[in-house]
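Asker: The residues making up each chain are set out below.
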Amino acid sequence: NAGVTQTPKFQVLKTGQSMTLQCAQDMNHEYMSWYRQDPGMGLRLIHYSVGAGITDQGEVPNGYNVSRSTTEDFPLRLLSAAPSQTSVYFCASSPRDRVWEQYFGPGTRLTVT
Amino acid sequence: AQSVSQHNHHVILSEAASLELGCNYSYGGTVNLFWYVQYPGQHLQLLLKYFSGDPLVKGIKGFEAEFIKSKFSFNLRKPSVQWSDTAEYFCAVKGFGKLSFGAGTTVTVRA
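Protein sequences, first through last, are from chains A and B. Heads up: the first sequence is residues 3 to 115, going by my numbering. Heads up: the second sequence is residues 514 to 624, going by my numbering.
Source of the hints: derived by calculation from the structure; they are not laboratory data. Yeah, the Cβ is synthetic: ideal placement off N, Cα and C, and Gly gets one too. Please note that the accuracy of each hint is not assured.
As the list claims (entries may be wrong) - For the chain B half of the interface with chain A, some residues (derived, Cβ under 7 angstroms), not all of them:
#	residue
1	Lys607
2	Phe609
3	Lys611
Let the sequences and hints guide you as you build the complete structure.
Answerer: Structure representation (structure tokens):
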């Protein structure tokens with residue numbers, strides 16, 4: 003099993019550009035989520051999904067879109083990048099009834115200039 | 514909505530010192546509480562969890578945490594730290610089907 007994979011590992015964007023961060027898992031987990039990690043603020047939940055076709059907002063959803071067309075994939079789209087979105091982004095997955103057992107991906111370090 | 518507050522941003526200790534990290538939560542329902550650890554350059558991993566029963570829970574690597582319902586707290590402890598405990602520690606609460614994390618505490622253990 004590859005676990006949770008994320009691409010790219012690093013990305014630099016200019017303000018106003020859009021892009022998609024990819025996340026995939028091969029453990030057949032229903033629950034998937036996206037977090038951003040910023041110094042002094044810990045992990046903040048952006049969006050999450052409890053299964054294919056179902057998504058919901060977390061604590062900081064503004065400026066981000068998600069979709070869940072398959073169990074395996076949960077891409078995060080930045081619609082119009084802003085410097086405030088400079089962060090490290092983590093994708094995670096878990097069985098739906100054990101969301102604490104989240105398997106985290108390696109992260110994507112995003113810089114918006 | 515649930516929230517988690519961690520009191521210490523950065524803690525610096527010497528080896529063999531005792532560690533206690535504070536965590537307070539707010540959530541109106543039945544709480545499930547967790548501590549995660551992120552070692553330098555690594556992913557988050559689960560340190561310990563509390564669902565119900567004995568309020569003193571033991572986790573990996575000699576860590577333990579105590580759930581005090583009256584204080585809405587779930588503090589993490591380790592009697593004697595090692596240099597390898599240098600990491601960032603996150604408290605988390607599960608509610609409304611999702612996990613919410615605190616801001617984290619960076620622990621630096623000096624040899």
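Asker: Can you name, in rising order, the numbers of the hints this structure does not satisfy?
Answerer: When the structure is compared with the hints, only number 2 turns out to be violated.
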